[in-house]
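Protein chains in written order, with the numbering used here: chain V, 1 to 438; chain U, 1 to 438.
Calculated directly from the structure, the hints in this document are not laboratory data. Errors might be hidden in some of the hints.
Stated by the list, open to error - Residues of chain V placed beyond 10 Å of chain U at every Cβ, according to the derived structure: (1) Lys-9; (2) Asn-60; (3) Val-77; (4) Leu-78; (5) Glu-149; (6) Arg-150; (7) Met-187; (8) Arg-192; (9) Thr-240; (10) Met-378; (11) Met-397; (12) Leu-425; (13) Ile-426.
What the hints assert, rightly or not - Derived lysine-lysine pairs resembling DSS-like cross-links, with alpha carbons at most 30 Å apart: (14) U:Lys-319 - V:Lys-71; (15) V:Lys-217 - V:Lys-362; (16) V:Lys-198 - U:Lys-147; (17) V:Lys-279 - U:Lys-95; (18) U:Lys-255 - V:Lys-7; (19) U:Lys-71 - V:Lys-95; (20) U:Lys-362 - V:Lys-147; (21) U:Lys-255 - U:Lys-273; (22) V:Lys-9 - V:Lys-28; (23) U:Lys-147 - V:Lys-95; (24) V:Lys-198 - U:Lys-95; (25) U:Lys-279 - U:Lys-324.
These numbers come from a predicted model, not from an experiment. We put the CB at the ideal spot given by N, CA and C, even for glycine.
2 protein chains.
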Amino acid sequence: MADAAPKHKVVIVGGGFAGLLAARGLNKQPVEVTLIDRRNFHLFQPLLYQVATGALSPANIAAPLRSVLRKQRNTHVLLAEVMGFDLAAKTVSLKDGSTVPFDSLIVAAGSTHHYFGNDGWEQFAPGLKTIEDATEIRRRVLTAFEKAERSTDAAERARLLTFVIVGGGPTGVEMAGAIRELALHTMRYDFRVIDPAKCNVIIIEGQNRVLGAFHEKLSGKALDALRKLGIEVKLDCHVTDIQADHVVFKADGGKAEATRIDTATVVWAAGVKANPLGKLIAVALGVETDRAGRVPVNPDCTVGNRPDVYVVGDLASQKGADGKLLPGLAPVAMQQGDFVADAIVRRVKGTSPRGPFSYRDKGTMATIGRGQAVAESMGFRFSGFIAWLAWLFIHIMYVVRFENRALVMFQWFWNYMTRNRAARLITGERPPDGRTTV
Amino acid sequence: MADAAPKHKVVIVGGGFAGLLAARGLNKQPVEVTLIDRRNFHLFQPLLYQVATGALSPANIAAPLRSVLRKQRNTHVLLAEVMGFDLAAKTVSLKDGSTVPFDSLIVAAGSTHHYFGNDGWEQFAPGLKTIEDATEIRRRVLTAFEKAERSTDAAERARLLTFVIVGGGPTGVEMAGAIRELALHTMRYDFRVIDPAKCNVIIIEGQNRVLGAFHEKLSGKALDALRKLGIEVKLDCHVTDIQADHVVFKADGGKAEATRIDTATVVWAAGVKANPLGKLIAVALGVETDRAGRVPVNPDCTVGNRPDVYVVGDLASQKGADGKLLPGLAPVAMQQGDFVADAIVRRVKGTSPRGPFSYRDKGTMATIGRGQAVAESMGFRFSGFIAWLAWLFIHIMYVVRFENRALVMFQWFWNYMTRNRAARLITGERPPDGRTTV
Chain V
1 MADAAPKHKV VIVGGGFAGL LAARGLNKQP VEVTLIDRRN FHLFQPLLYQ VATGALSPAN
61 IAAPLRSVLR KQRNTHVLLA EVMGFDLAAK TVSLKDGSTV PFDSLIVAAG STHHYFGNDG
121 WEQFAPGLKT IEDATEIRRR VLTAFEKAER STDAAERARL LTFVIVGGGP TGVEMAGAIR
181 ELALHTMRYD FRVIDPAKCN VIIIEGQNRV LGAFHEKLSG KALDALRKLG IEVKLDCHVT
241 DIQADHVVFK ADGGKAEATR IDTATVVWAA GVKANPLGKL IAVALGVETD RAGRVPVNPD
301 CTVGNRPDVY VVGDLASQKG ADGKLLPGLA PVAMQQGDFV ADAIVRRVKG TSPRGPFSYR
361 DKGTMATIGR GQAVAESMGF RFSGFIAWLA WLFIHIMYVV RFENRALVMF QWFWNYMTRN
421 RAARLITGER PPDGRTTV
Chain U
1 MADAAPKHKV VIVGGGFAGL LAARGLNKQP VEVTLIDRRN FHLFQPLLYQ VATGALSPAN
61 IAAPLRSVLR KQRNTHVLLA EVMGFDLAAK TVSLKDGSTV PFDSLIVAAG STHHYFGNDG
121 WEQFAPGLKT IEDATEIRRR VLTAFEKAER STDAAERARL LTFVIVGGGP TGVEMAGAIR
181 ELALHTMRYD FRVIDPAKCN VIIIEGQNRV LGAFHEKLSG KALDALRKLG IEVKLDCHVT
241 DIQADHVVFK ADGGKAEATR IDTATVVWAA GVKANPLGKL IAVALGVETD RAGRVPVNPD
301 CTVGNRPDVY VVGDLASQKG ADGKLLPGLA PVAMQQGDFV ADAIVRRVKG TSPRGPFSYR
361 DKGTMATIGR GQAVAESMGF RFSGFIAWLA WLFIHIMYVV RFENRALVMF QWFWNYMTRN
421 RAARLITGER PPDGRTTV
């Protein structure tokens, strides 16, 4: 049966969890897929903190998109930057001035850090969204220990050994735990002047508990585990200023006097906002983005009255069965990506349309440190070693799914056995005069 | 027996092969060692080309110096930049203005690229000495394929798929082979428009053979292997200009007409010069550096009439038993480092001084591609698969020696079996507007 009709063109913007799953779902279907991303790899963001603390190399958690999709013959990967959309002409505009036509459009452009109007803080408190963010934070953390080793001033040394994490969600908790373990175990014998174990890791959280998305009981377990690791957790505290050498916060939900913490290293784990492309879609289709810039979508992940335009992942604002907004988590993005791929296939094939998207919550988890995690799944709550094993297993399974990632498993296992973090390299700043070996 | 006398202070400048071996040789000896490097890791430079072509991650070939030396209690690692020496006061001056006193000084500051007076070429033709060099070359090589896939102009596409390596020594040969294999095997199914196998890899070599330091017969074998891989080798050709979009060279040893090659990616593998610190030592001690800036050393690796100042590794100019200069190779540096550590111990302990340094040449080798190498050792010459196995074994043994580097072995084995290069990430340039996911 010869089919000479032009294939239905699907353009996917973004190769994150949602975009990649959408592309995967269109494999071997009678459509032509173009996946556009400005990076050449899919990034497993939940493990970025392991790169930021030297446990994993960037390549361990990033898979080249072309490689992941190389056998999917109906899919073309385009390394390009999307500047906008012409929804009337049904094209996507790229930065180089060219356009890509679509019959169906999936926008999965994700999110970035949100400094709540204080963009000046970014240089002093990088977030953790890209490979470059992670290696920059790694550079800052390791350099702080190095400078402390050389400092002869006690106050300066204390400042250098103080690490502040803004935000007590999963990223903040994981980051704090990892820095503390790096100091306590990995670098235990590395220095001659300082004792890395004396470093001060402080989490500043605006709510009255860490891991606010979890059950209160698990927040309590996590708090205990953090304190046991020697991490100071300041709850109900609002950050009011971040500078190169200090952070200012107010306790009691912002009502107390301002307190200053001298520190050389601040990590931002407090908030995200949607990619600006969301705004463009929303304006074009007459809907309004929410405060975080996300696009409200219909139950079937389409936007406005366009059956051919889908927004998924962190960029979408969608309510779950309980009437609450779905969280910006990888599983939501993955299920949405899968869902819209199926919806497009049904539309192209003319079979019965699929019902509304419904999120199957298989559970959420966060790890605090080696052998310590909290997890909740289908009404059950776990913590401690069992939760950590579950966390490890699920993350490895995901990473393995897209690439030959036995390496990650091997490296994790190795680190676990040896408490080693082989990737603790200070890179990225070229030595000032170009000399290289010293 | 209490020993309250201050310990003999050894300062080592540089944590490369020579410096690290010197430090290792002073383990458990009655000396106090300070190893100064401005990077926090020892780098296994011979494998940098594997990072530049996405086969290994930077952390696979770099070991944190503190980690390598953590159990060596008499050794202090200092992350600092050396600016000069006061040989009369016996101190090393650091960039922050502080000084470090020494009783014995070992300068092992290594070498950097040498553009023979054409420093303007560096931006268009980076060399391969640092982690940042390697990830920058990786970015350029991978980006060239990406741009070619998007280009609609045949000439532009041909330019993007042309890779020029200046220099046919081990680095040039290895780099050319690795790019060709990346294109032929790893990325074989990755693109939809271009055929990566049609890429043009060209080596431009000034001498009339590649691998000039090897026996002529092996140069011939290497040339055959390179051509079989589809690499164009231009011998007896001198590069006269390098710009962003082309290279100009003259054949017949520079006597022919100028020929232009349109290319977007040039790698410099043609020459090295000594670290400028060599000049400072030479001037202070009244000796003259050679053309490459190396310091002529006495048979015992000391300089001038100073029994307490040693120069080793790429920075030293020393003749071997055959009257020829010792080559700038890792084994020479390692043996010299080992030698001076022993010499210092003998001096401190007052035992009989050691005779002159003599280089035990266990052999040299270069790899051309998967399963292809040339090696010569003690009069024997090998090529092909056996030589490659020997190369693999020796390199892995070295890397394993300093760290828990089972990982490298595992990754190599994995890549060999799957022809995969998981680390082919384009990183380092922050997306222009700070958006991160697309």
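Report the numbers of all earlier hints that the structure fails to satisfy, in ascending order. 2, 3, 4, 5, 6, 7, 8, 12, 13, 14, 16, 17, 18, 19, 20
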